[in-house]
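Top line first, the protein sequences correspond to chains A and B.
Numbering follows the numbering used here, with no gaps: position 83 of the first sequence is 143.
Numbering follows the numbering used here, with no gaps: position 39 of the second sequence is 99.
Mixed in with the good hints, there may be bad ones.
Said to hold, decoys possible - In silico DSBU-like links for lysine-lysine, alpha-carbon gap of 30 Å or less:
(1) Lys70/A / Lys114/B
(2) Lys70/A / Lys102/A
(3) Lys70/B / Lys84/B
(4) Lys70/B / Lys137/A
(5) Lys70/B / Lys114/A
(6) Lys114/A / Lys102/A
(7) Lys84/A / Lys102/B
(8) Lys84/A / Lys114/B
(9) Lys114/A / Lys70/A
(10) Lys70/A / Lys102/B
(11) Lys84/A / Lys70/A
(12) Lys70/B / Lys102/B
(13) Lys102/B / Lys102/A
(14) Lys222/A / Lys137/A
(15) Lys102/A / Lys84/B
(16) Lys70/B / Lys114/B
(17) Lys137/B / Lys114/B
(18) Lys84/B / Lys102/B
(19) Lys70/B / Lys70/A
(20) Lys70/B / Lys102/A
(21) Lys137/A / Lys114/A
(22) Lys84/A / Lys84/B
(23) Lys102/B / Lys114/A
(24) Lys114/A / Lys114/B
(25) Lys84/B / Lys114/A
(26) Lys70/A / Lys84/B
(27) Lys114/B / Lys102/A
(28) Lys70/A / Lys137/B
(29) Lys222/B / Lys137/B
(30) Lys102/A / Lys84/A
(31) Lys70/B / Lys84/A
(32) Lys114/B / Lys102/B
Unchecked claim - Here are a few chain B residues that face chain A, going by a calculated C-beta distance under 10 Å:
(33) Lys70
(34) Leu71
(35) Leu89
(36) Val93
(37) Asp106
(38) Glu156
(39) Arg157
Keep in mind that the hints were calculated from the coordinates and are not lab data.
A virtual CB, placed ideally from N, CA and C, is assigned to each residue, including glycine.
Spelled out, the chains give:
2 protein chains.
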Amino acid sequence: MEYFPAPLEKLVEQFASLPGIGGKSAQRLAFHVLSLSDQEAKEFADAILEAKEKVTCCPVCQNLTDGGICSICASAKRDESVICVVADPRDVAAIERAREYMGRYHVLHGVISPMNHVGPDDLQITSLVERVAQGDVREVIMATNPDTEGEATAMYIARLLKPFEVRVTRLAYGIPVGGHLEFADDATLMRALEGRREL
Amino acid sequence: MEYFPAPLEKLVEQFASLPGIGGKSAQRLAFHVLSLSDQEAKEFADAILEAKEKVTCCPVCQNLTDGGICSICASAKRDESVICVVADPRDVAAIERAREYMGRYHVLHGVISPMNHVGPDDLQITSLVERVAQGDVREVIMATNPDTEGEATAMYIARLLKPFEVRVTRLAYGIPVGGHLEFADDATLMRALEGRREL
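Let's have the full structure, built from the sequences with the hints guiding it.
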């Protein structure tokens, strides 16, 4: 049985369908929308429609853009001979925040995951191989997540890129900066020892 | 600096402005919206606009309704000689879920709170007094929350209703059903003892 007017129940349902939003939170959010001004509610609704309508994928690197080639691919300042391959547009944002990397990107939009029925053809792998095949690329950095699926995807792509004259690298493993040795897991510590460097 | 296309950043900001949604959650929700179909995104946006546009307050009890007098005030099955006064439309939903109360409601839309600059005139108190003044009401049940502000509001309204021939009651205090005595606070235990009943 419904205890709120139908349009309010509908809005509660919409919020409840979002990931990580439970019934109580959805109710709180819907009541918050009611408390907005007409103008604010319209802005919220427009933001949803506009994001959905205007945000597309860059035809070169498949990162999100609001029209045409993305700002990173369009920038003459970025080294086009290095491509950093990530699973998700959020990973691009994470790497950009570090302000260290000056190459280009390629967004796969997922990782190979047989459990979730995601195969190589569901990802932006062909477009990456095409970019590399054009010959201007010197290095491809595999920056998928350091978990089983991210590893498998990195290995798969590295094998695909073998025929081309290109260096394929992987992000370094090790203890996180500011972390504590005593809390590091065995696998990370092992990789940190393996990858030790001269001081 | 922004790492996402402007329309996406805007949507993240909109989500982040909702209560209880932090930056990371807002990002997750915005990406979820991008993953929706055009139709689903439109339904979400429409739900916001529709709730804002169609949901109004019942002219009698001030509960939320989607047009005209609410279903509880319009129902001939509900006893119109008893009015349950609550602070919020969500409280109506909570009491309705108990399926015990068969009277009408009155929603104050808040409680008296000098700290938050909410005075009696900011609440639906005049409309309650007018309903009682019409003379058909036998009992007014004060069902504001059992906290300082809820108590003060209940006392204030009870005094306002003194001149009328009406019983003003308050919800019973006591230990919650299914609760444990050892976890009950002193004030609740004291009230539970005061309000003890014959078996």
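Legend entry - Structure versus earlier hints - violations, ascending order: none
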